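*Asks:* Keeping their order, the protein sequence lines are chains Y and D. Start counting the first sequence at 1; every next residue gets the next number (the numbering used here). Start counting the second sequence at 1; every next residue gets the next number (the numbering used here).
Please note that the accuracy of each hint is not assured.
Each pair may be met inside one copy or between any two copies, as identical chains are not told apart.
No farther apart than 27 Å at their CA atoms in a straight line, the calculated lysine-lysine pairs in the DSSO-like style are these [as the list claims (entries may be wrong)]:
1. Lys-55 to Lys-2
2. Lys-332 to Lys-147
3. Lys-329 to Lys-2
4. Lys-55 to Lys-89
Simulated from the structure, these hints should not be mistaken for lab results. Source: prediction; values computed, not measured.
There are 2 protein chains.
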Amino acid sequence: MKIGILGAGQLARMMALAGIPMGFEFAFYDSATECCAAPLGQLFRGDFRDSEKLKAFAHSVDIITYEFENVPLETLELLPQGSVVYPSKKALEFTQDRLIEKELFKRLNIPTPDFIAIHGESELQDAAKKLGYPFVLKTRSGGYDGKGQMVLRHQSELHTALDLCNATPCIGEAWVDYEREVSLITVCSTTEVQNYDLNENVHRGGVLHWTKNRPNDDMLEQAILHSRALAHELNYRGVLTIEFFQCGKILLANEYAPRVHNSGHWTIEGAPCSQFENHLRAILDLPLGSTKSLGHSMMINCLGAMPEFNTLLGIQGLHYHNYSKTARKGRKVGHLTLQHQTEKELTHFSNQLNQTFKSNNEVQS
Amino acid sequence: MKIGILGAGQLARMMALAGIPMGFEFAFYDSATECCAAPLGQLFRGDFRDSEKLKAFAHSVDIITYEFENVPLETLELLPQGSVVYPSKKALEFTQDRLIEKELFKRLNIPTPDFIAIHGESELQDAAKKLGYPFVLKTRSGGYDGKGQMVLRHQSELHTALDLCNATPCIGEAWVDYEREVSLITVCSTTEVQNYDLNENVHRGGVLHWTKNRPNDDMLEQAILHSRALAHELNYRGVLTIEFFQCGKILLANEYAPRVHNSGHWTIEGAPCSQFENHLRAILDLPLGSTKSLGHSMMINCLGAMPEFNTLLGIQGLHYHNYSKTARKGRKVGHLTLQHQTEKELTHFSNQLNQTFKSNNEVQS
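Pulled out of the complex, with its shape left as it was, chain Y reads as follows (with noise of 0.2 Å):
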């Protein structure tokens, strides 16, 4: 059984680092000079338009999945006929058009952060009155990782946004104060569904910092309830992930992924089948892996480049993850993930890393 993964970034690594220990072979596609997923499998590299390259990369495998949602629809169009692709096409279309995905959150009832289509500068004005200061202004599609968004405070700053949102199209989302924000990680075959502990994320200069897993949390039913609308709406195959603000006792869904999900690598280490592993299952319609934590889990991503890792390796519990990327201001290389039974073990050691960082005047960001 040989796999197809569009993408080969850390993502693609994981699930083929998850996949080759059952016997599976991966190909990636990716249009990436570097690519760290290369080494565990075939590479073709090529741009995602290039229809004699991604039919070459089709034939050569059994079946494709993505690690990012932004693989171009057209790419999933030049795919030879007969070519089987989880999750689908239609989950990534909603996904790729902030507008399309807030409107299908409202057409499924789940609660979503007022919204409104912004192109030009009359309906830039017309979004700040109703929706009020401060706002977010997000392109409706491309933007990843805090990218191709920024937050308006006040009317004279309108004009800084005004070269965005004349040059492609907007969204512009209420602004929310949120308490927390999770995170729920799902996976579908054809005939189970399961979810993982919800997941509470701290960013960072829009990126993700931390999240720890939190078992029976008190807001993991209405999170369920939300995420198998969306599985059942898309006809779900594979994992796919949801992230919520947390409002008082109200999840309001703020953007879906298609996909295997930084805010689910925990997994790895803290639930008896990991979020990669689960979603070759599931796009292979085979029997699920258990997803019940195995205790309180904290995962941290390391940015720009990996902290030294022979003090680190002394804290208990943790886990060195290297994505074996060129260090860039700014890039994931890697995470660490600290998995422990108790919570009280977890913070326990979770301050012994902070130490760590101080002394080693690393940041962890």
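Starting from the structure of chain Y, add chain D where the hints point.
*Replies:* Just chain D now, with coordinates in the frame of chain Y:
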């Protein structure tokens, strides 16, 4: 950091699968045509006495280890000066000759079955008198997985052993009516010594059939004592395995392996840090990871061909390891691990596994 492994079979494969997430790269050296570790690094295919190829291999890596104890000592001598190899040549030397190995056990006060060197007919006759029937005749070197050994049950059978003991130096070992076979996996860096739970092993036809970890086993302390004595004597670095026969309350050492071991495969899911990752940490003298088991595990070897996985994956707590080797009668092609928190759960799901094997008409060995 690039790690070189002599041997490119499943143990090398699993070491690479443990090391790649940490950012390590791998090179493998093997003479075999089919090398299941090869897709995970750079393969050097050559004779173990080809000094030029060995030199190229050694120059491509930062440190060298091995996955099997029959690496010719000459291979280590042919490596360029300055090559760093762990475990040491000494550890390899003692284990390559059953007579020297047993004499070492004796010198370290590690109980071992009575033994006697045999070369030729008259020594065979003498051994039979001294050891009594039945006794076990083994070649002093080169045997593994039950190969190169025979049980002699009566004087009338002695003639069947003549060819073997005339052709090659052998050892006679007293027959041991043991209650259990157990093994202990210890990991040593320069500053730390840790061990996993005692393993209970069941062999079939000389080949390991299944292993269970035994948390808090009565015999653990005795095994630790012997293992530490051996590790100390060998100034050991890496994972060290000793296999014992248990007779009443006494452990008799059968043999040791200076490497990761089949009876430790359960540690991939059953311990926070597997034997594979800990072996790498140890040879690199990094802090060791926790060896404390997460519960009750059972590992079953897959011989000949991998069982169908569609049904198997539905068994809770089952992990499927396929080494991607060509099927061949009796060949170790993979293993299954059942991992549960309690012994009761493990028993329940291992019964389910047995039923599945039966209904599939598959034999486990």
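*Asks:* Could you run down the list of hints and mark each one as holding or not?
*Replies:* Going through the hints against the structure:
1. For a Cα distance limit of 27 Å, the shortest separation of Lys-55 from Lys-2 inside one copy, 15 Å, qualifies, whereas the shortest one across copies, 35 Å, does not.
2. Taking identical chains as interchangeable, the C-alpha atoms of Lys-332 and Lys-147 lie at most 27 Å apart only when both belong to the same chain, with a minimum of 14 Å there against 50 Å between chains.
3. For the homomeric pair Lys-329 and Lys-2, the shortest alpha-carbon distance between copies (25 Å) is at most 27 Å, but the shortest distance inside one copy (35 Å) is not.
4. When the C-alpha separation of Lys-55 and Lys-89 is checked against a cutoff of 27 Å, the pair qualifies only within one copy, where the shortest distance is 17 Å, while the shortest distance between copies is 51 Å.
Checked against the numbered hints given earlier, this structure breaks none of them.
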